[in-house]
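These protein sequences, in sequence, are chains A and B. Okay, so the first sequence: first residue is 1 according to the UniProt record's numbering, each after it adds one. Okay, so the second sequence: first residue is 1 according to the UniProt record's numbering, each after it adds one.
No lab work stands behind these hints: they were computed from the structure. Certain hints may be false.
Below 25 Å or equal to it, Euclidean Cα-Cα: the simulated BS3-like pairs (lysine-lysine) are [unchecked claim]:
hint: 1; chain 1: B; residue 1: Lys67; chain 2: A; residue 2: Lys30
hint: 2; chain 1: A; residue 1: Lys41; chain 2: B; residue 2: Lys67
hint: 3; chain 1: B; residue 1: Lys67; chain 2: A; residue 2: Lys160
hint: 4; chain 1: B; residue 1: Lys74; chain 2: A; residue 2: Lys30
hint: 5; chain 1: A; residue 1: Lys160; chain 2: B; residue 2: Lys61
hint: 6; chain 1: A; residue 1: Lys181; chain 2: A; residue 2: Lys41
hint: 7; chain 1: B; residue 1: Lys61; chain 2: A; residue 2: Lys181
hint: 8; chain 1: B; residue 1: Lys74; chain 2: A; residue 2: Lys105
hint: 9; chain 1: B; residue 1: Lys27; chain 2: A; residue 2: Lys195
hint: 10; chain 1: B; residue 1: Lys67; chain 2: A; residue 2: Lys105
Values in this document were obtained by computation on a predicted structure and should not be read as measured data.
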Amino acid sequence: MKAYRLSPKCSQVIFLIGLSSALVACVNLKTVSDFSATSLKGIQNFEQLDYTFQDHCVDRCEHEAVQRFEFSRSLDCDCGLYLKADSVMLAMYQTIGGYFEALGKLSQNELTEYSTDAMVTSLTAEQLGPLTIDSNLATAYSTISNLMLRATTDFYRRRKIAAYIEEANEPIQVLLDAFQKTTRTNLKGELRFKKERLYAYYMDMKMNNTLQSDYEKGKAATDYYQAMEEIQKKELRMDLFADALLEIAEGHQELYDRRDKLVAKDLALAMLGYSGQVKILVSEFNKLNQ
Amino acid sequence: MISFIMGMAIGDFRYQNWEKLSFEENKELSDMQAAVLRCGEDILAYSTTLVMDEVADSLAKISSVSKEIRDTIKNLESIQKGLDTAAAILVLGAAILNRDPMGIGNSIKDLFVVWKGPLG
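Make the full structure from the sequences, and use the hints.
Below, the structure written as structure tokens:
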């Protein structure tokens, strides 16, 4: 019986075609995958802001009790409105985060990396009916099949990702814009009020000559500036977080604008710029938390 | 924000005219300042809740896209499982051709593990 063999040159050509198509696909999906991962990190910093509307409400409630020199076994603070504001922030956070997490997972290469060990073992079996294949050639076949498979599924994934980016761009822009504005204007805005309340508290103390000793005066001034410093740190964190949201929005817009050209090299370069900016902001944010 | 500026202005007025103001006047202005600041804070929280009306539609759309993406991921994972199964069947075929009883036994076991295994 005749044994069929492919010439080594022929298998080399097939191998190279498979490799190049798979590599082209990899690069572009990697762009989306990296951008999604970086965006997700930036968005997750919401949990590290260390301040919510409810925190602000409880803080104010406690401050008022302190001013009145009032003691209560459990402070009764009416924070319903503030809890509702937090639930809006949380809804935006979870929805935006969920989208980038899903987009990142879909563009990850691990999703379509198949184990070819079983195939290699079966193809190199000594006796396969009329077909005789040596082990080197079997490995080459399995590598090609894997690469071709990747190329095909990557093409499918790229097509799907482009469609999802198109569908998601308008609503994600609305959400990212609303999220950054509510963080920068509303949540950070609450801190301005907190600063003003602290200023009034310590100024009243000074004007009323409540404090007698130099030590008491010094302690009060130190407490005031320490509290101000803590607030300023929180404000900076909120600004960095909001800046990252703006960068993410711009990056997603870039992906949307070039969704039909996900193969373009300059897209990968442009996205590196957006990811880089978000990474810098995340790193600055983390430094504040140290 | 107007209530913030008003609150600040009342405070500055109090401190600049501290000696001229009676205790009652000062107390009244202080309470007014606290109420104005409080009002501003509540407005910020309230306006955040109103954002929900603006974003509700976008939240629903993004949630729907995320669900579609997760479904696609599930499909791809099913394809992967199918391919792993196909590879396991190939091994079983080779073991049968080789008339290798131990190989057949192991291959059936592998095939069963792959087939019964979870997706992804």
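Taking the hints in turn, this is what the structure says about them:
{"no.": "1", "hint": "B:Lys67 - A:Lys30", "in the structure": "holds, 21 Å"}
{"no.": "2", "hint": "A:Lys41 - B:Lys67", "in the structure": "holds, 20 Å"}
{"no.": "3", "hint": "B:Lys67 - A:Lys160", "in the structure": "holds, 13 Å"}
{"no.": "4", "hint": "B:Lys74 - A:Lys30", "in the structure": "holds, 20 Å"}
{"no.": "5", "hint": "A:Lys160 - B:Lys61", "in the structure": "holds, 16 Å"}
{"no.": "6", "hint": "A:Lys181 - A:Lys41", "in the structure": "holds, 19 Å"}
{"no.": "7", "hint": "B:Lys61 - A:Lys181", "in the structure": "holds, 20 Å"}
{"no.": "8", "hint": "B:Lys74 - A:Lys105", "in the structure": "holds, 11 Å"}
{"no.": "9", "hint": "B:Lys27 - A:Lys195", "in the structure": "holds, 20 Å"}
{"no.": "10", "hint": "B:Lys67 - A:Lys105", "in the structure": "holds, 12 Å"}
In terms of the numbered hints stated before, the structure departs from none.
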